[in-house]
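There are 2 protein chains.
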Amino acid sequence: MKLHTYFRSSAAYRVRIALNLKGLDYEAVPVHLVRGGGEHRQPAYLGLNPAGLVPALEDQGQVLTQSLAIVEYLEETHPQPALLPAAALDRARVRAIAQAIACDIHPVNNLRVLQYLTRELGASEEQKNAWYRHWIGVGLQAVEAMLAGDARTGAFCHGDTPGLADCCLVPQVFNARRFGCDLSAMPTVLRIADHCAGLEAFRRAAPEVQPDAE
Amino acid sequence: MKLHTYFRSSAAYRVRIALNLKGLDYEAVPVHLVRGGGEHRQPAYLGLNPAGLVPALEDQGQVLTQSLAIVEYLEETHPQPALLPAAALDRARVRAIAQAIACDIHPVNNLRVLQYLTRELGASEEQKNAWYRHWIGVGLQAVEAMLAGDARTGAFCHGDTPGLADCCLVPQVFNARRFGCDLSAMPTVLRIADHCAGLEAFRRAAPEVQPDAE
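These protein sequence lines are chains P and S, in that order. Each residue of the first sequence is one higher than the one before, counting from 1 in full-length UniProt numbering. Each residue of the second sequence is one higher than the one before, counting from 1 in full-length UniProt numbering.
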């Protein structure tokens, strides 16, 4: 498998964690999102993924896109260890936590959105950072409520084994810390993220140890 | 089943289509997103879904949130008619199309984001509408490329039966038209959306025929 990735992309980071949790080897192909206006906007990459976003996974001669779709694919093709629980209601809960991050927080703070804010709407650096922290605050607060208010939360987002929701939570907390967000009202989120950080699969997926890290 | 819904929410619209495609009866509970500052921000609804977003589905004594997680749940609990194909690579494709809409387009144009633009960043009505059209343009262009460039596209997004991707596409095209977006460069997207519009399951899910439509 070949993963088109950027060290700091949190969508790519999710897939790296999932691949590691499943013990799957892959070749990392770096796509630089900033240099030269972004390699993801150049024809070579757009031929692979017309959406021009990372990650993309090559497997069985096909190109797969969208981080959550990729993780579900890995789950179906390599079921063990499972990243989703067995019961439908529990699977729905884990997917909802993952999507509360992947749909409600991450896209609003994506690089291209921040660039639009400054270039098209003339937002200042301060306004851009306030935007970033606002959506992380609102979004992770909702995730905290989902986690803290449910007995199914364990050492990880769901029970005591890492799964899809943790694959999403850890990169989002990484971003939050990078931008200096106040996370003091989210003790469950932090407890789980810090617990994950102790695992090899999460450590090897971290931005700072990627081959393209700067 | 009880669906907490708002007639114009495109996330709720997706779930309404999926419920109809599967022939499942449900009770619609309207949550007004505008009146009185938004019923979704009031304690009664936040107790149900702390993220304060619609839709939420009540089933088996549990509250499920996040539209795609809800549709996957319906797929697992009521497998027929299937909204996802059988093969893992095909399932990944359908999920990727769905997420290209549900993650990359919709959240950036969500009501609360538009409100932040005008209230916090002082965006004009014109700038707000340009923002809206920009992200629909970029996002649906990517979806068009995913559809037009793949032989698996049929009368619907994947083959000749409606599925998860169509549940996402139709509400997004509805929004695009409502905001006067130029969709002339997206013939495949339009062809499929118009084909869906002929089906009873899609017609009954449309915003204008909901009990809370204005």
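Hints in this document: simulated from the structure, not taken from any laboratory. Certain hints may be false.
[As the list claims (entries may be wrong)] Now the stretches of chain P that chain S is said to cover, found in silico as 3 or more residues with beta-carbon under 8 Å:
#1 24 to 37
#2 44 to 53
#3 118 to 127
#4 143 to 155
All residues carry an ideal CB built from backbone N, CA and C; glycine is no exception.
Margin query: To test your reading of the hints: which numbers does this structure violate?
Written below: 1
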